[in-house]
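For the protein sequence lines, the chains are W and U, in the order given. Heads up: the first sequence begins at 1368 in our numbering, then just goes up one per residue. Heads up: the second sequence begins at 190 in our numbering, then just goes up one per residue.
To be clear, the hints were calculated from the coordinates, so they are not data collected in a lab. Ideal placement from N, C-alpha and C gives every residue a C-beta, glycine not left out. Watch out, some of these pointers could steer you wrong.
Just a few of them, taken from the derived set where beta-carbon distance is under 8 Å, the chain U residues facing chain W [to be verified]:
1. Ala213
2. Gly229
3. Leu232
4. Gly252
5. Tyr253
6. Ser256
7. Ala288
8. Asn290
9. Pro292
10. Leu293
11. Phe295
Lysine-lysine pairs mimicking DSBU-like chemistry, simulated, CA-CA at most 30 Å apart [unchecked claim]:
12. W:Lys1465 x U:Lys198
13. U:Lys260 x U:Lys246
14. U:Lys203 x W:Lys1460
15. W:Lys1477 x U:Lys260
16. W:Lys1460 x U:Lys246
17. U:Lys246 x W:Lys1393
18. W:Lys1423 x W:Lys1460
19. W:Lys1437 x U:Lys246
20. U:Lys260 x W:Lys1465
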Amino acid sequence: SQQGEEDPQALSIQEGENATMNCSYKTSINNLQWYRQNSGRGLVHLILIRSNEREKHSGRLRVTLDTSKKSSSLLITASRAADTASYFCAAFKAAGNKLTFGGGTRVLVKP
Amino acid sequence: NAGVTQTPKFRVLKTGQSMTLLCAQDMNHEYMYWYRQDPGMGLRLIHYSVGEGTTAKGEVPDGYNVSRLNKREFSLRLESAAPSQTSVYFCASSIETLAMNSPLHFGNGTRLTVT
C-alpha cells in the first residue's frame, strides 16, 4: 500500500464552491507536497508543508498537516473551471530519501 | 525557458523491442528522476540521479537502465519491452535533494504502449 493515499478519489463541484481533499500517510515524514496534474500533462508543484508546520496558504490554496493523525488536507477556495485536474499528495521521508505519491483525487469543477 | 522536455510524446512498441526515452532540463538542476504512472497507483520512482555520471535505483528499477549523459540530460532505456511496461513515463528534476524541501519539476510525459 502507498505512503500517501487520497480521499476522495473523485470530486465534482460547481464553480465558486470550495473543494477539499485529504491525504493520509503511514510513517513519520519530513515534508508533504501537493501537486496538480492536468489531463495529458506533467505534475505541477503547488505547495510544500514541512513536518513542523501546521498550515500553509498560497493564493486560493490552504494546506493543513496533522502529524499526530498522519494526515493532510488541501482546500481550494472559490473554485474555477480551470481547477479541474487531478491532485496528488506526496510524502517525503528523509530516511531512505523516499518521496511517495498517492493515487490522486480527480476534481471536476462545473461551470 | 522550456523547463523539463521529454521525447518522444507517444510510442508503441512490440514485445521485445528496445527504446530510449530522453529527458532534458534547462534549469541547471542537479537531481533528475524517472517515474512511471499507472492508473490508481500514483507515481513510482524507477531510477534517479544525484549528479552527472551518477545513477541509483528507485522503487521499480527492474527492466530499465538509465544514463545521466551530462547535467542536462537523463535517459531511460528499455532493452526488451514487456506489456507490463505499458505506462506513462515522467521525467522530473529538482535543484537540490528532496531533503532540502526542494520540489520536483516534471516534464509532460511519454505515453508508451507495449503490445
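Now for the hints, and whether the structure bears them out:
no. : hint                  : verdict
1   : Ala213                : violated, 14 Å
2   : Gly229                : holds, 5 Å
3   : Leu232                : holds, 4 Å
4   : Gly252                : violated, 20 Å
5   : Tyr253                : violated, 18 Å
6   : Ser256                : violated, 20 Å
7   : Ala288                : holds, 5 Å
8   : Asn290                : holds, 6 Å
9   : Pro292                : holds, 4 Å
10  : Leu293                : holds, 6 Å
11  : Phe295                : holds, 3 Å
12  : W:Lys1465 x U:Lys198  : holds, 27 Å
13  : U:Lys260 x U:Lys246   : holds, 18 Å
14  : U:Lys203 x W:Lys1460  : violated, 38 Å
15  : W:Lys1477 x U:Lys260  : violated, 43 Å
16  : W:Lys1460 x U:Lys246  : holds, 17 Å
17  : U:Lys246 x W:Lys1393  : holds, 23 Å
18  : W:Lys1423 x W:Lys1460 : holds, 19 Å
19  : W:Lys1437 x U:Lys246  : holds, 27 Å
20  : U:Lys260 x W:Lys1465  : holds, 22 Å
Of the numbered hints given earlier, the model fails hints 1, 4, 5, 6, 14 and 15; all others are met.
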